[in-house]
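Trainee: The sequence shown maps to residues 1 to 372 in the working numbering.
Hint data in this document are derived by calculation from the structure and do not stem from the laboratory. Note that the coordinates shown come from a computational prediction; the quantities given were computed from them, not determined experimentally. Check the hints yourself; a few may be wrong.
Below, in silico cross-link-like pairs of lysine-lysine (DSSO-like), each with a Cα-Cα straight-line distance of 27 Å or less [claimed, not checked]: (1) LYS273 with LYS132; (2) LYS223 with LYS178; (3) LYS345 with LYS142; (4) LYS273 with LYS86; (5) LYS67 with LYS345; (6) LYS62 with LYS273; (7) LYS67 with LYS120; (8) LYS345 with LYS287; (9) LYS287 with LYS217; (10) LYS273 with LYS345; (11) LYS120 with LYS345; (12) LYS217 with LYS368; (13) LYS325 with LYS178; (14) LYS217 with LYS345; (15) LYS287 with LYS62; (16) LYS178 with LYS217; (17) LYS132 with LYS71; (18) LYS217 with LYS359; (19) LYS142 with LYS132; (20) LYS287 with LYS273; (21) LYS352 with LYS67; (22) LYS273 with LYS215; (23) LYS287 with LYS159; (24) LYS132 with LYS325; (25) LYS352 with LYS132.
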Amino acid sequence: MKKSMMFVVTLVIAGLLLVSCGAPAGTATGADAPGDKTTAAGGEDELNILCFQGYAEDGWLKPFEEKYGCKVNATYAGTVEEMFTKAMAGGAEYDLISIDCGSLQRYYDQGLIQEIDQNKIANYDKLSQFFKDADYKMIDGKMYHIPMCWGSNNIVYNKAEMPELPQSWSVLWDPQYKGQVSITDEGNNNIVVVSMALGFEDPFNLTDEQFAQVKEKLTEIAKNCRTFTNGIDNEFQLLSTGETNASISSYDSGLILKLRDEAQMDVGRMMPKEGIYVWIDGWAMLKDAAHPDLAEKWMDWMLSDENQQALAGAVSYGAVTPSAKDALDPDVVSMCSYDNIDNIKVPVFILKTPEDFEKRTELWNEIKAEIQ
């Protein structure tokens, strides 16, 4: 998947510092409490993380450094492709990497990541059952990913202009909405959407015949849409100015809050009856991690009640532990069901590595070239 990891975190960092740093010693649950200073095995004093911006904020990073007497060095990537490129170029420089469920197999195939010992992650038991059962993180019977948050790309719309929007992906090609809707400029994600709309059983493994059907329908959608977007700022600009009335969003919860708070718009979020795909972001340990003990401690740290709440409050993505739900904005909960994935009443497809990512990208580029 590609989702533009654009976070609105500046205004909440002060609050996160109060939540994460100001908690009394011993109030955390899990293997270690923030107030109990300890050290990592083998005298490790440094942890190097490659992640999306928003996943290594001071609200939980500084207390980790204080507790374990270490220095956390965070390097940021802006896109899934940039993350993969950085890992390929300098994987030995990092201990941990934040990746989405749809990219995990790709990292494994390149020999970039190593097995994670679940027994070292005491807070793993805090995960909601859905994320414990999700099999994407297991490869050849071994665990390679610890979930941290989740989300989905759905349609955010202007309720004043579209008060009766049908609960279906068909709005993308419906002539009555011509020029009013935008979709992301992300070939794989668009193909997954069309595959769900066409009722294909596995949107991530298509036959040649299915690819042909997808191309026909996606071409129809592309011609019907106003434009193709490349992130939350682009989506916000189009919706807030009335250039579009609906958008498949790369960051739906963030877009909802941004439109509500900055443009004072009454917006909705439509969950198509044909199904949605969800991405799950989490941590993987690089194969040559020089600080494995601190890496395991960080993964455990990010599943504690305090830090799940801090993360949910900062990025407004879905909670992977029940404890985080109270930190989510009420509008995000009511529209996105990000407090509990089990509340989603339409088919849910966990994003997976597709059968041929390059083929999907090429198909999308062909469609764009044909309609220009």
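Trainee: If a hint holds in the structure, say so; if it does not, say that too.
Mentor: Outcome of the hint check:
1. LYS273 with LYS132: Measuring from Cα to Cα gives roughly 25 Å; hence the hint holds.
2. LYS223 with LYS178: OK: LYS223 and LYS178 at ~8 Å, within 27 Å.
3. LYS345 with LYS142: Given that 27 Å is the threshold and the Cα spacing comes to 31 Å, the pair is violated.
4. LYS273 with LYS86: Distance ~38 Å between LYS273 and LYS86 Cα, so the pair is violated.
5. LYS67 with LYS345: Violated - the C-alpha atoms of LYS345 and LYS67 are around 41 Å apart, more than 27 Å.
6. LYS62 with LYS273: Roughly 43 Å separates the two Cα atoms, so the pair is violated.
7. LYS67 with LYS120: This hinted pair holds, its Cα atoms lying about 17 Å apart.
8. LYS345 with LYS287: Judged against 27 Å, a Cα distance of about 39 Å means the pair is violated.
9. LYS287 with LYS217: It is violated: about 41 Å lies between the C-alpha atoms, which goes past 27 Å.
10. LYS273 with LYS345: 8 Å, holds
11. LYS120 with LYS345: 34 Å, violated
12. LYS217 with LYS368: Given that 27 Å is the threshold and the Cα spacing comes to 13 Å, the pair holds.
13. LYS325 with LYS178: Roughly 37 Å separates the two Cα atoms, so the pair is violated.
14. LYS217 with LYS345: 25 Å, holds
15. LYS287 with LYS62: Status holds; Cα separation ~26 Å.
16. LYS178 with LYS217: Cα-Cα ~15 Å, so holds.
17. LYS132 with LYS71: 30 Å, violated
18. LYS217 with LYS359: Judged against 27 Å, a Cα distance of about 17 Å means the pair holds.
19. LYS142 with LYS132: Answer holds: LYS142 to LYS132 is near 14 Å, not above 27 Å.
20. LYS287 with LYS273: Violated - the C-alpha atoms of LYS273 and LYS287 are around 41 Å apart, more than 27 Å.
21. LYS352 with LYS67: Not satisfied, since the Cα-Cα distance of roughly 36 Å exceeds 27 Å.
22. LYS273 with LYS215: The given pair, whose Cα atoms are some 22 Å apart, holds under the 27 Å limit.
23. LYS287 with LYS159: Violated, at about 48 Å.
24. LYS132 with LYS325: Distance ~17 Å between LYS132 and LYS325 Cα, so the pair holds.
25. LYS352 with LYS132: Holds, at about 17 Å.
The structure fails to meet hints 3, 4, 5, 6, 8, 9, 11, 13, 17, 20, 21, 23 from the earlier list, while all remaining hints are met.
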